[in-house]
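Got chain A sorted already, so can you dock chains B and C onto it with the hints?
Next come the chains, spelled out residue by residue.
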Amino acid sequence: MAAIADAAIVVPAKASKGYWASVGSRLIKDKVAMVALTIILLIVLAAILAPYIAPADPFRGSMIRRLRPIGTPGYPLGADELGRDMLTRLIYGGRLSIFMGVVPVLAAFVVGSGIGIFAGYVGGWVNTLLMRIIDVFFAFPSVLLAIALSGALGAGILNSIVSLTIVFIPQIARVAESVTTQIRTRDYVEAARVSGAGAFTIVRVHVLGNVLGPIFVYSTGLISVSMILASGLSFLGLGVKPPEPEWGLMLNTLRTAIYTQPLVAALPGLMIFMTSISFNLFSDGLRSAMEVKQ
Amino acid sequence: MTMIIDRLGPVPEVGDDRGGPGTPLLAVKDLIKHFGKKAGFLTKAGAVVRAVDGVTFDVGKGETLGIVGESGCGKSTVARLIMQIIAPDSGDLLFDGEAVGSEQLDLTSYRKQVQMIFQDSYASLNPRLTVEDTVAFGPRVHGASAKQSITLAHDLLHRVGLEPARFAGRYPHEISGGQRQRVNIARGLALNPRLLILDEAVSALDKSVEAQVLNLLLDLKEEFGLTYIFISHDLNVVRFMSDRVMVMYLGRVAEVGPADAVFSNPSHPYTSALLASMPSMDPDNRTQEAPITGDPPNPINPPPGCRFHTRCKFVADVCKTKEPALTDVGGLHYTACHMADPTSGHPNALNAARAA
Amino acid sequence: MNSNMTDTGPIVDVRKLTVDFSTGGGKTVRAVAGVDLSLKKGETLALLGESGSGKSVTLRALMRLHPDSARFGGSVNVDGRDILAMPYGDLARYRGKVVSMIFQDPGLAFDPVYRVGDQIAEAVVRHEGISMQEAKKRALGLFERVRIPSPERRLDNYPHEMSGGMRQRAMIALALACRPKVLLADEPTTALDATVQIQVLLLLRELQRELGLAVIFVTHDIGVAVEVADRIAVMYGGRIVETGKCADIIRNPSHPYTQGLLASRTGHEAVKGSRLVTIPGAPPDLSNMPPGCPFGPRCKYVMDRCKTQTPPLYDVGADHFAACFLIEQQAASQSQLQSA
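Protein chains in written order, with this note's numbering: chain A, 7 to 300; chain B, 921 to 1276; chain C, 28 to 367.
It is possible that part of the hints are untrue.
As the list claims (entries may be wrong) - In silico DSSO-like links for lysine-lysine, alpha-carbon gap of 27 Å or less:
| id | chain 1 | residue 1 | chain 2 | residue 2 |
| --- | --- | --- | --- | --- |
| 1 | C | Lys68 | C | Lys272 |
| 2 | B | Lys1127 | C | Lys327 |
| 3 | B | Lys1127 | C | Lys272 |
| 4 | C | Lys272 | C | Lys67 |
| 5 | C | Lys208 | C | Lys272 |
| 6 | B | Lys1127 | C | Lys334 |
| 7 | C | Lys43 | C | Lys67 |
| 8 | C | Lys43 | C | Lys124 |
| 9 | C | Lys299 | C | Lys327 |
| 10 | C | Lys299 | B | Lys981 |
| 11 | C | Lys124 | C | Lys67 |
| 12 | C | Lys43 | C | Lys68 |
| 13 | A | Lys37 | C | Lys54 |
| 14 | C | Lys334 | C | Lys54 |
| 15 | C | Lys54 | C | Lys43 |
| 16 | C | Lys208 | C | Lys124 |
| 17 | C | Lys54 | A | Lys35 |
| 18 | C | Lys272 | C | Lys327 |
| 19 | C | Lys208 | C | Lys43 |
| 20 | B | Lys1141 | B | Lys949 |
| 21 | B | Lys1127 | C | Lys299 |
| 22 | B | Lys1141 | C | Lys299 |
Treat the hints as calculated values from the structure; they're not laboratory data.
Isolated chain A (complex conformation) (with noise of 0.2 Å):
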């Protein structure tokens, strides 16, 4: 046929990438991306392998080796208030505070992106409302509301992950709202929409696939928040109760010791800053690998 000689000659075929193997070829060249990553596998793989890898028990303590400073034989970080070990002490912290980051993240992101993208698609009155509810949630900063709730639900791990994943829904959601507001308009969906196709149909086939990755990626954003939320809570005795090694905890109890062993008192701040820088450079690292470009 002649439509097809005229088509004939194309663009030398290449292999064609999926759009995730793509990303990840993009993500990989991206050096402080992978470097970030690295460091979050690190202390990720530290806090799994802790019983293996610590070099003492994180719960005995000694009263006459108190405070002891950075570099002392046998505690190669010095010892915390009580003469426990601070490395070991660090190591088995990243297990409750990477929870305690991740978690309220993933229980937000569900439920965020169903109210979002439900919302969004919907649209008329139905997302008005969803979205003026919540706004009243956006009035509070998101540390008092963190603990507030945290408060009114009493201490505990369990409670603060709830508080903490009830700050995040209302940030997620509001994203998820945007995105799918903006793909509902396009007309590949109402493309779709003529095809026949249903609700249910369009927002699987066309609708999830292009507002999940950004939802994610805003979402690897707010663990480094959850870690610093979580720890806060601890510190001020709504979170993770001692004796637990949390590093939110730990800089609580140390801080009496902030004029007599600074630089160990500071160890577990340094640990969630640098967990938490890690985590916003990855995520800032996806984005931008994300991007389609045409």
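Below, chains B and C without anything else, positioned relative to chain A:
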């Protein structure tokens, strides 16, 4: 066409010529769509855009109806109204003699028979779907198996000039604009429609690619027995593609008739001006004077009477008060101008009557 | 500064211009690959081409509007000064004063939060240091000149209060505010309706004639080029493939690409129901250019040497050049015939 029906399994009634050859495939009656805000809680009523304001036309089986007009004339709104992407304020759509949305013709079976190709080839393709998945989506929705729909997609890709072996697995950003528009056409054909609406479908393409796609559309029309509504601002392209042409101005039909008659013997001053505005393509005989001055008025507040009277050379008193109806000027050629109606009271109308 | 005193010398002289952009990953894309242009005072040249032909990049090089990552080669002389070597301070004075530009989208030229008249007056004050009152008078004169109805009132409009055609006229007024010698137009009528497009084209032609401007007009529409230009340069894949007087290009196209472009038009000649003559394939991908002639892969006359060598511009008539080996071949066979 039969080949595709076979692949999809027996499709008993949808797609059959039910009304007979004499019934227009699509009859549009008094279509009205105004955009704007109604007064609501805490909001004032906003300005109303009279995008489509009483439009009536037919599309015969197997013909191509071209729709031309400038921005704000309502041609794209008409397309979206026909596609049921937006709901009309009032007016009827009859498809092959049956009212759309009625018991005989529900929305689902109507949508299988009418498809649309959009202007922006990139925005109308899901960036996360491969070419074959995009084309196979419609058949999947209508119950074909995964294997059937992929086979059908490959068949259609081949038909629009994209070798499936090379293109089926590609993503939209990996292919050129012309190739993307071919994918859109293949998707449009996947449900075996009878009417295809082409809304500025070639306007964004490079000129050297545009001709390829126009040829393809001509071939497909013949092979699949399609009917086209071809919307464009490019008069040359519309003239080449269309059997009949409808000229729109500010939400109304200014003139409609056989393409040759409308282009070589326009009977509405707006059509004449539109034609005279085309670049001359003759370096020794360049255009010396603009046929009309000013921009098309805003459809928010269309002028009273004839909507074109603010820019018309032949404006008379009657034009400012009375809206002209479509008048038969012979040979299925209709125009909405007082000059064509000897009884209108327009001073030039008498001359026209005498000349005729 | 002396060169513009003589009317004979070209006011714009571009030699072997190349523009490279670096894309991510250390790769560079050559958007313009050796362009020669020269333009006399009072002359209008149309740069005709499709997407990726390098027409807009060439135009922007005349004002050095490219990001810093762009690498230039060759020379661009405008009014006797080398633009590519000009320091930044001079560049700001040069833009608008010697050369100014109009765009497809007037939104690029006007700030939406200031009145149009004030923006024009402001530009005049900045460049010429005259009083605001004088400048406002100049703005009014310009609005009359570009035929904006009720100009006094319109000067107080914000950009969004104007219709598309009027904004385009206002942008032309802004471009002419400091009495430039060269006007660059980047598809200024592409977004306009047909009836408005012809008005703007006629206005540009009239202004060009009255003010003696040199105009370079970038377009993809051959019909628009014919309406405004004295000469046409057809671009393809970053090169000029044919250049000549308007009438010669239309009536006697010598490059297969120009021939194909003219033949595939759906003009009056195209008979309904017949198939259009087409150029196969798609415009080239600049990051993946074929060696040799850029049009080679789509050309029906392609020869072996087209795949390795890039044809230079051959003389095909008075002031008419085309870059195609066929011309050399035809000339050779003709001289053979004559000698035989």
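How the hints compare with the structure:
For the proposed pair Lys68 of chain C and Lys272 of chain C, the alpha carbon gap of about 16 Å is at most 27 Å, so the pair holds. At roughly 18 Å between alpha-carbon atoms, Lys1127 of chain B and Lys327 of chain C fall within 27 Å of each other, so this suggested pair holds. Of the pairs offered as hints, the one joining Lys1127 of chain B and Lys272 of chain C holds, with about 21 Å between alpha carbons and a cut-off of 27 Å not exceeded. Of the pairs offered as hints, the one joining Lys272 of chain C and Lys67 of chain C holds, with about 14 Å between alpha carbons and a cut-off of 27 Å not exceeded.
Distance restraint check for Lys208 of chain C and Lys272 of chain C: the Cα-Cα separation of roughly 22 Å lies within the 27 Å cut-off, and the hinted pair is therefore satisfied. Our distance criterion of 27 Å between C-alpha atoms is met by Lys1127 of chain B and Lys334 of chain C, whose separation comes to about 24 Å. Of the supplied pair hints, the one linking Lys43 of chain C and Lys67 of chain C holds, its CA atoms being roughly 18 Å apart against a limit of 27 Å. For a cut-off of 27 Å, the pair hint linking Lys43 of chain C to Lys124 of chain C stands: about 25 Å separates their Cα positions.
Taken as a hint, the Lys299 of chain C and Lys327 of chain C pair is honoured in the structure, with Cα atoms around 25 Å apart against an allowance of 27 Å. The hinted pair formed by Lys299 of chain C and Lys981 of chain B meets the criterion: a straight-line CA distance of about 18 Å does not exceed 27 Å. About 18 Å separates the Cα atoms of Lys124 of chain C and Lys67 of chain C, which keeps this hinted pair within 27 Å; it holds. Taking the CA atoms of Lys43 of chain C and Lys68 of chain C, the gap is about 21 Å. The hint holds against a cut of 27 Å.
With a C-alpha separation of about 18 Å, the suggested pairing of Lys37 of chain A with Lys54 of chain C holds against the 27 Å cut-off. Our distance criterion of 27 Å between C-alpha atoms is met by Lys334 of chain C and Lys54 of chain C, whose separation comes to about 23 Å. Between Lys54 of chain C and Lys43 of chain C, the direct Cα distance comes to roughly 22 Å. Compliance with the 27 Å bound is thereby established for this hinted pair. Between Lys208 of chain C and Lys124 of chain C, the direct Cα distance comes to roughly 8 Å. Compliance with the 27 Å bound is thereby established for this hinted pair.
For the suggested pair Lys54 of chain C and Lys35 of chain A, the alpha carbons sit about 14 Å apart, so the restraint of at most 27 Å is met. Annotation: proposed proximity of Lys272 of chain C to Lys327 of chain C holds, straight-line Cα distance about 25 Å (limit 27 Å). A threshold of 27 Å between alpha carbons decides the hint, and for Lys208 of chain C with Lys43 of chain C the separation of about 23 Å falls inside it, so the pair holds. A threshold of 27 Å between alpha carbons decides the hint, and for Lys1141 of chain B with Lys949 of chain B the separation of about 26 Å falls inside it, so the pair holds.
A threshold of 27 Å between alpha carbons decides the hint, and for Lys1127 of chain B with Lys299 of chain C the separation of about 18 Å falls inside it, so the pair holds. Using a Cα cut-off of 27 Å, the hinted pair Lys1141 of chain B and Lys299 of chain C holds, with the two alpha carbons roughly 14 Å apart.
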